[in-house]
Amino acid sequence: MNAPNKSGWKPEINAAADGMHDGPATATGNRALMLEEPLIFEIGHAETTGVDLPAIAEGSANRLGGMERTETFGLPGLSEPETIRHYTRLSRQNYAIDLGLFPLGSCTMKHNPRLNEKVARMPGFADVHPLQPASTVRGALEVINELAFWLLELTGMHGVAMSPKAGAHGELCGILCIRAALEARGDAREVILVPESAHGTNPATAAFAGYRVENIPANSDGRVDLEALKARLGPDVAAVMITNPNTCGLFEPDMKAISDAVHAAGGFVYCDGANFNAIVGKVRPGDLGVDAMHINLHKTFSTPHGGGGPGSGPVVLSEALSPYGPLPFTARTADGVVHLVEEENAAEFEHTRAFGRMTAFHGQMGMFTRALAYILSHGADGLKQVAEDAVLNANYILRSLDDLLEAPFGHSGPCMHEALFGDKGFGEGLSTLDLAKSLIDEGYHPMTMYFPLVVHGAMLIEPTETESKAGLDQFIAALRSVAERAKSGDESMKQAPYYAPRRRLDETQAARKPVLGWQGPGDT
Amino acid sequence: MRYLPLTDTDREAMLAKIGASSIDALFADVPEEARLSGPIEGLPLHASEMAVERHMRRLSRKNLAAADAPFFLGAGAYRHHVPASVDHVIQRGEFLTAYTPYQPEIAQGTLQMLFEFQTQVARLYGCAVANASMYDGSTACWEAVAMAARVTRRKRVVLSGALHPHYAEVVRTMAKFTDDEIADALPTLQGTPDNDGLIARIDEETSCVVVQYPDILGRISDLGAIAEAAHARGALLIAVNTEPVALGAIKSPGELGADIVVGEGQSIGVGLQFGGPYLGLFAVRDAKHVRQMPGRLCGETVDAEGKRGFVLTLSTREQHIRREKATSNICTNSGLCALAFSVHMTLLGEKGMRRLAAWNHSLACEAADRLARIPGVRILNDSFFNEFTVTIGTDAREVVRKLADDGVLAGVSLGRLFPQVDALKDGLLVAVTETTTREDIETLASALQEALA
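Line by line, the protein sequences are chains Y and C.
Each residue of the first sequence is one higher than the last, beginning at 85 in this note's numbering.
Each residue of the second sequence is one higher than the last, beginning at 73 in this note's numbering.
By construction, these hints were calculated from the structure, which means they are not laboratory data.
Mixed in with the good hints there might be a few duds.
[To be verified] Quick list of simulated restraints, FRET-style, between CB atoms: (1) G448/C x E274/Y: 52 to 58 angstroms; (2) Q593/Y x I393/C: 15 to 21 angstroms; (3) D136/Y x I393/C: 33 to 39 angstroms; (4) A312/Y x P103/C: 54 to 60 angstroms; (5) A123/C x E311/Y: 47 to 53 angstroms.
Where a beta carbon is used, it is the ideal one built from N, C-alpha and C, also for glycine.
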């Protein structure tokens, strides 16, 4: 193996457009430590492999039913050193929480403790099969049960479905529990009410579960309009899906009144628990009348997000919904043994009304071990401190910027774990997008943009509890600088970012002429 | 509290800046009666790194790890050797602690990897386009069924009886709420699957036929006739694969005419992990169906300087734009598992995939021959890749439990997978991979012989 670039592929360089860099264009397209990296299809070969495997003589064993593969795949291989280099080079083109503050509101990017990674890789958790006999996985079942115990204590709920694979999958699980409970009482309801400040997954979930979705407007404080909600309740409403704290970063103070009204009308309350990190240890959703709530373990309990998943979305359930929770789940018997309850033994555990199964196996075990390690590290006292520091950090950001940036709900009282700003007052033609891309040049990942939809040019900033005051001050200074430029109408922001591995990418072209896989020479 | 950087001095200064009298003042919107005053009673307080590690290690030791026993379990999750480089790469903070690549200019690492991953999956499956991954194989299977209903505007689903029963149960569960009608059957202990019976159930109302390849009993059959029958009646063929390593040895589902190919990618790069996180793979044979696909897609484009770059694309199908009209409610993928898969696949390459598959098959043939010599044991399969079914003339659940007590993880009993079908209870599904040694096979054979004596 010689040069990494075997195919002779070179990135296209437009030297004229490259004028903002002082130095000359390089022959390779590389810039010292910032290296261009071809695709594996451009540098790998069908004959190269980075794994030592014996060659088996053809025809030595063949019971493949006449279905032997005759075509080639077109899958290139790389040796081990080439592989490590390829992915290491790619990694350097990513922003990550390990590199700096990642203020994505409603996504919650906090420090990922490495103890959790170590724990998840213990052989008793990482190297066990989901269908091993229960007698050989007692410890793994105890992990699930112990995590379930904490989730129930922290939320004040009655039961928990651990198997949903992500937050949105958990939403579906909660809504299916509600549907099963309504059907069990012969009550066919058709509508789910979703406030307009809800996550986009909420209406998608309700529709996927066969319901008609109706929006409930927000009031001028950025909260659910209680009177509008009450007026819409009736015998056709199966549930209300509410996000609390909501996506404007505000707590819904009428939550209990909302729950009471929904229950009185015969419906159920689904709470989107994506923002549970703001209130963990401070208030229990069960005490507010919630019937079902998913918990994004990666948000509240810090499991790494890995560039977009995997997530994990256990759903806590009220007493009314618990009998309908899906299989499989764990149950501890009086003798202290934790059992796995699945199709085979559901009757023994008197769980015969399960609405079904969400996934092949038991959920995200690798996330459970990480979440449990995080919970045990913090304990009841630390988790309360988590919520307090997250809220303190968000309010610090809100009050450090609200003289400069429009804070549409700044008058509504303290925010919770995230601070919301709008784009009012920006110079001609400059947008939230331009501000965000300029923030990239300052060395930060931008905040969540254009969400929630109720605020024009929304910027939702979530610092989380794992940022220091000094780190926040530096971020605030950077944000003030770009906000001032935006307000003064600094046209150069429209071209930002200048210093990222790529300048602004043409998303329209990507959608109009989709290229979704590599098509190389000889490919059709 | 080692993860919390604020000091009490910081907290006071910040409260002063905010103009709040206390932390509690920040929680003023939480109704007083619902507010918890101190840490929740009955829960332990914070623990040191050492203490947490000790506790978790104690729980870990209560499990019998696959590496510590002769191990023969499959049925949708397989133990393969994962090269050390794979875990090294996925633990790099820039991959591990990144978010969804919403800001493509500073997420090219994840995006290029996803583009490469999509290409690898599409080629493995013999398809035009693959997405950036789903939660796991079973949920991908349901999403494929939902997609078929959108494409065909029909609501009748024909499930093969030899589909993994948990996958079938996920489809049945979800279909209850979308009014899809399910026509399915249960498998019988035959050497070859009943494809004619399956074809007979396809009619003009059928949106899709779902088959597993190789199927839950390990059998491999030509999907061509099923594809033809489905297409003749305007239905789609969905092929489910739970062991991607098999595709190193047998024809791809796309080549055989499947319209949507989904499966579990766990075998390549992702460990067993007691069932998750796993990696759902999803591909379509014909690019015209791409806008009906669920999940994220990464596409190639150029930046303002004309350099090649990658972005998430075609998001107008997704929940954050289409809300209740979205193709799916999912808003994530299995990014890190996709990375693990892609790194492992890059290490293997064409040559490695073929060798890995050949080795798996060869060892499985040896194991089948060895087990067939045990009195009372019969190999069911006419064909198989690395997993086959044996009938042992007695309830296999009991035998599996007994062998586990003796430290041998013998396989998955069909009684556990299909508790409602009495006729399957003496079936045992045995999986063999490159991690299986000849000594393991011998240990299983003697233990089984003893248990059946």
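For each hint, the structure was consulted:
For the pair G448/C and E274/Y, the supplied restraint of 52 to 58 angstroms holds, since their beta-carbon distance comes to about 57 angstroms. At roughly 18 angstroms, the beta carbons of Q593/Y and I393/C sit within the given window of 15 to 21 angstroms. A beta carbon spacing of about 47 angstroms between D136/Y and I393/C contradicts the range 33 to 39 angstroms that was offered as a hint. A hinted range of 54 to 60 angstroms for the beta carbons of A312/Y and P103/C is inconsistent with their spacing of about 21 angstroms.
Taking 47 to 53 angstroms as the suggested C-beta distance range, the pair A123/C and E311/Y conforms, at roughly 51 angstroms.
Violation of the numbered hints given earlier is confined to hints 3, 4; the remaining hints are satisfied by the structure.
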